[in-house]
Structures are given as C-alpha cells and as structure tokens.
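Residue strings, one per chain:
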Amino acid sequence: MKYVDEFRDPELITRAADEIRRLADPNRHYRLMEVCGGHTHAIYRFGLKDVLPPNIELIHGPGCPVCVLPMGRIDDGLSIAMQPDVIFAAFGDMMRVPGTHGNPLEHKARGMDVRIVYSPTDAIKLAKMNPQKHVMFFAIGFETTAPSTALTLQRAKAEGIHNFSIFCNHVTIIPAIRAILDSPDMRLDGFIGPGHVSTVIGCRPYEWIAKNERKPIVVCGFEPLDLLQSIVMLLTQLQKDEAKVENQYKRVVPWEGNRAALKAMAETFQLRPYFEWRGLGFISQSALRIREEYAEWDSEQRFHVPGIRVTDPKAAQCGEVLKGVLKPAQCKLFGKECTPENPVGALMVSSEGSCAAYYNYEHRKANLVTTISASA
Amino acid sequence: MCLAIPGKIVEIAPDNPNSALVDVVGMRRRVDLGLLEDDRPVPGDWVLIHVGFAMSKISEVDALEQMRTLEMLGECEAAVQEVRGYGLEETEDKQAS
Chain F
1 MKYVDEFRDP ELITRAADEI RRLADPNRHY RLMEVCGGHT HAIYRFGLKD VLPPNIELIH
61 GPGCPVCVLP MGRIDDGLSI AMQPDVIFAA FGDMMRVPGT HGNPLEHKAR GMDVRIVYSP
121 TDAIKLAKMN PQKHVMFFAI GFETTAPSTA LTLQRAKAEG IHNFSIFCNH VTIIPAIRAI
181 LDSPDMRLDG FIGPGHVSTV IGCRPYEWIA KNERKPIVVC GFEPLDLLQS IVMLLTQLQK
241 DEAKVENQYK RVVPWEGNRA ALKAMAETFQ LRPYFEWRGL GFISQSALRI REEYAEWDSE
301 QRFHVPGIRV TDPKAAQCGE VLKGVLKPAQ CKLFGKECTP ENPVGALMVS SEGSCAAYYN
361 YEHRKANLVT TISASA
Chain P
1001 MCLAIPGKIV EIAPDNPNSA LVDVVGMRRR VDLGLLEDDR PVPGDWVLIH VGFAMSKISE
1061 VDALEQMRTL EMLGECEAAV QEVRGYGLEE TEDKQAS
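So the sequence lines, in the order shown, correspond to chains F and P.
Residues in the first sequence are numbered from 1 upward in steps of one, following the working numbering.
Residues in the second sequence are numbered from 1001 upward in steps of one, following the working numbering.
Pulled out of the complex, with its shape left as it was, chain F reads as follows (with noise of 0.2 Å):
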C-alpha cells in the first residue's frame, strides 16, 4: 500500500496486513461490506484492496446520503426556492447534485437566491441577516447530520424565528441494512460498520444483524489501520462461526450512542411510514419527517410542494451496484455517459459514492496506465 510509510504505525499496518492473510482461508471467499461512504473513500484513497488477499471482496454499501437522494426531493427542494423571496440553503455537498433542470448551482447562475452553508445554524444566521426573505435549509444525512438539523429546530423555535425552515430528507441506516440483506441476489459474510454514525446512534441497534442474520459486524473508524483492524476482527468471527457486534471504533464511538442526540431526534423528528431510496426503492420506515410541534419550521408543511418523482436513467445500473451484485465499472455507463463530472446515476454524484470513488482512484489510474505503455 503506497501510503502506509505516511502513518502513525507502519509496522501495525503491516502486521494487521498480515493476520489478514494469516486468517483468510483460502478456499473461501468472503464479501464483506463497509456501509458507509466515507468508508468507501478511505478504502479508495489508501489503496487498502492492494494489501487485502484476492478472496476478500469489499462490497460498498449505501451509506452516503448524497448518492440515494432521488431526484425528484431535490426538484421539490428546487421548486420551493423558486417561489418569490426564498433562499435555498445547503451544504456545498449538494451544490452539484443534480435535479431534473440542473443542479443547485446551475439554478443560482439562472438567478435563484442559493447559499452555500457549513452548519445548519448558519441558515438560522442567514435568515436572521434576510428578515424580508424566507431561509430554506435543505437538510440531508444519516443518523450523523439529523441531531444538528434537530437542535436547529430547536434553537429556531426557542428564538423564535418565523421566515426559516428545514426542507428534511434525512434517512436511517438500519432499514437500508436491513432492505439489502432481505434483497435476495445478496450474499454477505459481513460488515464493517458505520464510524460516525454509530457515534450517535451506538451499537445496539446492530443487535439483530449478529442474532437474526447470523452476520458479525464490526463498528470501524476511517484511517487505513482502522479498517484493517475491523476486518481482523471480522474474519476472527468468521472463523470461530461467531456472529457478533464489535466495536473497533471506541475512541470515539460509545456502545449507547449519544443520549443527547438521540433525544433530540426524537423530540423533534418522527419515522415517516416509507421514503424512496435511489437505487434500492421504497423502503418503509427509513426516513424522519419533521413533527407536528415544529410544523412551522417544516418546509413540507410551510410549502406546496410538488412530490415530483423522476425514474432513474433505465441504463444506469444503480441499484446493481448498490447491493454490491455489480462493480462499478461492470454498469453499462460507467466513464462513458457516467462520470464524475456529469454523473448520471446516484453513486456517481459525491466523492463518498462508490462509482465516483472507483473512477477518481482506480480507472484514472488504470487509463494512465495504458496511456503511458501505449506511448511508450
């Protein structure tokens, strides 16, 4: 790996590198997915795939929020920045993801009112310097981002303020978890759980997947050594046939989660009844929805909005790729209409989306290859 010299251990790297090998029965092959994007990035980025043996296969998972937005929330989004006197506020991560029309940043060059915020309190900040106008915040994330936009409600309600709302398309981990391993073209050994995510939430709700499924899953940190370590752990499990909840992570992730959290998510968001997930469909109860006593601050309730939903390309191999059946070079688009720069399908649109993450690292890299020998 080429960057292992660059770490705070190069020997642990090598020696994690090595029980890999040493625990990985030869004569199977293991698919274990890492659920969540940043995950997928760091795998990408550290080249982790040069060190593992070739019978271990990381599958991606869906943990990047971007990536399973449909369409059609971020044209509702659209459509409500469009009436009069409305500024549609998002993380820059957003800024590019497109809609049926063009992306966020398209619809500002054609004179939409759209700011790019770090927090969800900056549009809190936003509509206060805007008081004629109406701050929508587009809000977006697993269980990672949902306790701000909460406390943001919070604090929007406690100070009163009448001209900001939060268009909400949070969505939970476990029922995507759970919708991939019911698909029935899936087959996992296991999974390399959510770091952050799991900061909030902890390690109980996984309970399941160790005792129902009979899939250990191990709850992994983002440097190199991190997920090394959490595929140790893995293939321990494997070998001794054990199914359990482990934490690699507990540096940062408590076993209970984040109790503060937690109770404000509740206090202030309920499970809506289904959500479309790009890629994976309708999954029921895996999206919050703003409740009741914050309908005020609910662009859904404060708002018309239209409830566009717009198909994914037919071509584009999404959900293929999602469950881990395809690669994502194995999908029709792939660096030909889907690209980074005009991504097509959903896992194509963040730097945390499988597609993008294997186009940035592995396909740059192999096309410069056949440059360079074609030339030579």
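Calculated from the structure, these hints are not laboratory results.
Here a beta-carbon is modelled for each residue, glycine too, at the ideal position from N, C-alpha and C.
Be careful, since some hints might not be right.
Claimed, not checked - So the derived label-pair ranges between C-beta atoms look like this:
no., chain 1, residue 1, chain 2, residue 2, range
1, P, V1042, F, R309, 46 to 56 Å
2, F, R110, P, E1077, 43 to 53 Å
3, F, R364, P, E1077, 11 to 21 Å
As the list claims (entries may be wrong) - Not the full set, but computed from the structure, chain F residues with beta-carbon under 7 Å of chain P:
no., residue
4, T144
5, H196
6, R259
7, A261
Position chain P against the provided structure of chain F, taking the given hints into account.
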C-alpha cells in the same frame, strides 16, 4: 459532510454554555456544544465536529491523526473552507500570516 473535523475548545461563551470558540485547523469559529450535554468539554479539550456541532470528545493524539487522515483524503481544503463558514462565520486566523 460525513467526515468529522477535529477542533480544540478555546473558550466557552460566558452567557451561553452551548456556544464554544473552537480552534479548527488554525482558525477559530463558534461551535455548538448542545450535543455534548452529558459530557461537557472544557477549554483545552479536543472534539470532533460535524456541521458546526461538537459530536464527541477525543484525545489530542487522535485529533491530530484525524487531521492527517482528512488531509490524505483530500478533504482538508474543503474542511477549511467549510469551517470558514462561507463568509457567514466571523472566523479569525490564528496564524496571522
């Protein structure tokens, strides 16, 4: 958005226990401590920050390593830009360059 940025608590607002001045990548900005109600950090503590909210306390060694990871993921510049708050946050550059 999903990666966390480490920061060091410099000072807690005397009038608001949920508002801390935090040193992030050599810049200072206000960070909300509302999610650490059960385990309040004090000046000198390191925290992991997600979208303007401190989510967990961490050790200094882990914080510095997290910065390196961000740097290597090519996320550092984006993180700095985010922390600057796109002009909405009055940040001050610690290293007067």
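Q: List, from low to high, the hint numbers that the structure doesn't satisfy.
A: Hint 2 alone not satisfied by this model.
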